[in-house]
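Chemist: Okay, here's what each chain looks like letter by letter:
There are 4 protein chains.
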Amino acid sequence: MTGAAEAGAAEGHEHHHGYITDKSRYLARLKRIEGQARGLHRMVDEEKYCIDILTQISALKSALDGVAMGLLDDHMQHCVLDAARSGGPEGEEKLKEASAAIARLVRS
Amino acid sequence: MTGAAEAGAAEGHEHHHGYITDKSRYLARLKRIEGQARGLHRMVDEEKYCIDILTQISALKSALDGVAMGLLDDHMQHCVLDAARSGGPEGEEKLKEASAAIARLVRS
Amino acid sequence: MTGAAEAGAAEGHEHHHGYITDKSRYLARLKRIEGQARGLHRMVDEEKYCIDILTQISALKSALDGVAMGLLDDHMQHCVLDAARSGGPEGEEKLKEASAAIARLVRS
Amino acid sequence: MTGAAEAGAAEGHEHHHGYITDKSRYLARLKRIEGQARGLHRMVDEEKYCIDILTQISALKSALDGVAMGLLDDHMQHCVLDAARSGGPEGEEKLKEASAAIARLVRS
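Protein chains in written order, with UniProt numbering: chain A, 1 to 108; chain B, 1 to 108; chain C, 1 to 108; chain D, 1 to 108.
By construction, these hints were calculated from the structure, which means they are not laboratory data.
A couple of the hints might just be wrong.
To be verified - Chain D residues, not near chain A, derived (Cβ > 10 angstroms throughout):
| # | residue |
| --- | --- |
| 1 | Glu47 |
| 2 | Ala59 |
| 3 | Ala68 |
| 4 | Asp82 |
| 5 | Ala83 |
| 6 | Arg85 |
| 7 | Ser86 |
| 8 | Gly87 |
| 9 | Glu92 |
What the hints assert, rightly or not - Some chain A residues judged to face chain D by a derived CB distance under 7 angstroms, without partners named:
| # | residue |
| --- | --- |
| 10 | Leu54 |
| 11 | Ile57 |
| 12 | Leu64 |
By construction, the Cβ of each residue, glycine as well, lies at the ideal position given by its N, Cα and C atoms.
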């Protein structure tokens, strides 16, 4: 049994992050993003045309936005929703924290 | 009857939007934003220097982001949190709706 | 002869901004943007649903980006290109100034 | 023969991209960006807290904007300026191409 499966089995006593069901999909997307970053390095190293590099940077930023929106969505549907349902002040705190993360994303 | 419920009843609204406590502040900010938009029109009409107009457009976009983040925050702290606490499927729906609005903001 | 045509005839002795040929179209777009800003104020005043207001803010930001990109394009095709063709250091300066304006737009 | 023309000849390239003088600095920045992308993958793999991952994504997007603005600046100061100074239609074309790249960046 892997550590992750074990943590899943023990659900509720260890913190169980919302995105875990899609974990392999996120890892695959981030592998591609890592490849895109490596591709940018290679393009500059090979002195490719500047405008083509800028196009790749825009594509990479869009891919990052896609992952960020997915993670945020999952986080709100699980972590924030659970905290809100618990009724205590944790719901407000989780939402405040999510808002601050959203503001950073909107400005980045 | 709580003060909040009373206020809702007094206003004859079934739905009580979260930003209402700060309403006059939002209205003042949006008045300024309207003035900035009118200023842009005047700058083009008077054929001001293009770069100065672009600077004003950036400032206006930042002001709009500020209002959007404030509204989103209030919406989540009230409307979304209340829906989540009610325990039904409405919490998930409200969060899904908020996520879609955030995605539009991140891309705009 | 209109004032604009006159200014065109006198080209080179008064500063002739690049966007002037499309001036009426820019003014119409900015009138609409002003109307959108006024609409936002009204939505908050009438306590419309928060998510609908956020959607309008995203639309307004996109409209501003459209005007900004148009102005920037015109500015580069006229003002920057003319300065560059003159051969002096003014070309570099104009480009540096345009870059700074672009950086503000990308971050706003 | 100017130093710049000599460098171009020495490198055996007909086309001499503007960012070459800072090439090693760009490569170092892109190496760091690649490391940040790899770090994101690891954070998801280790199931780090979602908000912390979002913060890293915002930081990565800002780093990419920094590289993009640097490359754009260099491109305009060299490639676009040279094309404009040559006097032919290439100046307009280069500016049009740069505008399209900027529009993609503003929206990404």
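Chemist: Decide, hint by hint, whether the structure agrees.
Modeler: Now the hints, each set against the structure:
{"no.": "1", "hint": "Glu47", "result": "violated, 5 angstroms"}
{"no.": "2", "hint": "Ala59", "result": "violated, 8 angstroms"}
{"no.": "3", "hint": "Ala68", "result": "violated, 5 angstroms"}
{"no.": "4", "hint": "Asp82", "result": "holds, 13 angstroms"}
{"no.": "5", "hint": "Ala83", "result": "holds, 12 angstroms"}
{"no.": "6", "hint": "Arg85", "result": "holds, 18 angstroms"}
{"no.": "7", "hint": "Ser86", "result": "holds, 18 angstroms"}
{"no.": "8", "hint": "Gly87", "result": "holds, 21 angstroms"}
{"no.": "9", "hint": "Glu92", "result": "holds, 15 angstroms"}
{"no.": "10", "hint": "Leu54", "result": "holds, 4 angstroms"}
{"no.": "11", "hint": "Ile57", "result": "holds, 5 angstroms"}
{"no.": "12", "hint": "Leu64", "result": "holds, 5 angstroms"}
In this structure, the hints that do not hold are numbers 1, 2 and 3, in rising order.
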